[in-house]
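**Q** Take the sequences, apply the hints, and build the full model.
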Amino acid sequence: MGELQDFADFVRRRSDPMLGSAWLLTGGDWALAEDLVQTALSEVWRHWDRVALMDAPEAYAHKAMVNTFLRWRGRRWSGEVASAELPDSARDTGGFGRVDTRDSLRRALRELTARQRAVIVLRYFEDRSEAETAHIMGCSVGTVKSQAAKAIARLRRMPGLADIPAGTGGAAA
Amino acid sequence: MNSDEQWLADLLKRAVPQPPRQLTHEEITVRHRPERSRKGWAMPALAAAAVLAIGVALGAAATRHPGSGVPNLQGASGPAPVSSPATPPATPTATPTCGSAVIDVAPSAPGDSVTVPDLEGQQLTAAGQALVQLGLDVRITTNHTSAVPAGTVTQQSPAPGMIVPRGATVMLYVSDGGRAAAPTFAPATGAVSGSGCGTSAPSVVPTGPASSSTAALGQVRVPSSIGMSQVQAEQSIIAAGFRVIVHEEEAPGNQAVPPGTVWKQDPAAATTVAPGTTITIAVQPMP
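Order-wise, the sequence lines are chains C and Z.
Under the numbering used here, the first residue of the first sequence is numbered 1, with each subsequent residue one higher.
Under the numbering used here, the first residue of the second sequence is numbered 1001, with each subsequent residue one higher.
In short, the hints are calculated from the structure, not lab data.
Hints are supplied without guarantee of correctness; some may be wrong.
No farther apart than 25 angstroms at their CA atoms in a straight line, the calculated lysine-lysine pairs in the DSS-like style are these [stated by the list, open to error]:
1) Lys1013(Z) / Lys63(C)
2) Lys150(C) / Lys63(C)
3) Lys150(C) / Lys1013(Z)
4) Lys63(C) / Lys145(C)
5) Lys145(C) / Lys1013(Z)
Please read all numbers here as calculations on a predicted model, not as lab measurements.
**A** Written out as structure tokens, the structure is:
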């Protein structure tokens, strides 16, 4: 059953990167992130005979993930409600910078709309071009630009994030 | 990229933690809905696995609930197994008991409810397929144990015999066969307090010349998760940059631990370990 073996390899290889993106998309919730990646990968498995022949099967998988996320946004998670669930313990970190950064980021992500989150994950976490991002999200390059600009402006105003300079801070470990 | 974009790119890459575990293909392929299947081998295999699973479940459920009769394992309609064992599509009449809780589900629309089969001890693939065949959704969590072979269902939620709406999610806990090289539990020592909710902040401990020479640059202190809810503990452990394995285990009888609460962890709080170390927590099972 070489087909299943190939898929197993693919899952093993893509699990970590997809979970990382899914963590950001879901506002830092591992349970939802795993659910999202599992759902996206089952979509990949459904079309595996075709996907396996693609030049970039992982791009297809990420597209499936973002589409699933955008389709589910109203039903499974919405940006604004969840921030109250964050445990206080994660905030009281006694100066462990990375945890502070991570916690601030989770709060900030939950303030963004689902589309804004998707744009920044594709553009700045996965380093995809504007054209690629537009293709994955099924929108225009102009929309990608404007959503990214709005998201950045919003994040720049977030307390706890705005004062983190690029390339420093937080990297305690 | 302008400076704001660069700032965000740096921030995102730095802040995303290492995922707590790696996904496996089994947990994806068993979610594969039979009606959408285009694989030639899938349908016969699914039907066979489901019938087998249901047969086993029937036997197990009958012995487990001698007083409540054999639970109805099938809804009256929907994607039920094609060649079912000779079970009439009766509406559930008995209210099955499950532990001490009495499930009060009015089976007004029998086509919309199904009885959860007993899947413990089965292989994940067969168990997942049986659930999908019954119209139930499956979620899988890895359970770190070497007591049973990898891929075996060790626990399930809801419990066997429960009547749930079609489309409900059944959680399967699946053994990893002890594969994740996490430390095994030492017997619990000392009293476990139920109030130790405050996470001690992980702090970077400089490795002095006296400590292990194999230690890398910095080691971190393990936070305490004793007394937290499972979700709380998972979040704080992950937020502190560790990996976590959850393990359901009953606390010894002399310890009153509320269900769903962490009562044991390994390595212990305040131990210094390498960042990203896996912390195993024991959660008191639901009754």
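**Q** Flag every earlier hint the structure violates by its number, smallest first.
**A** none
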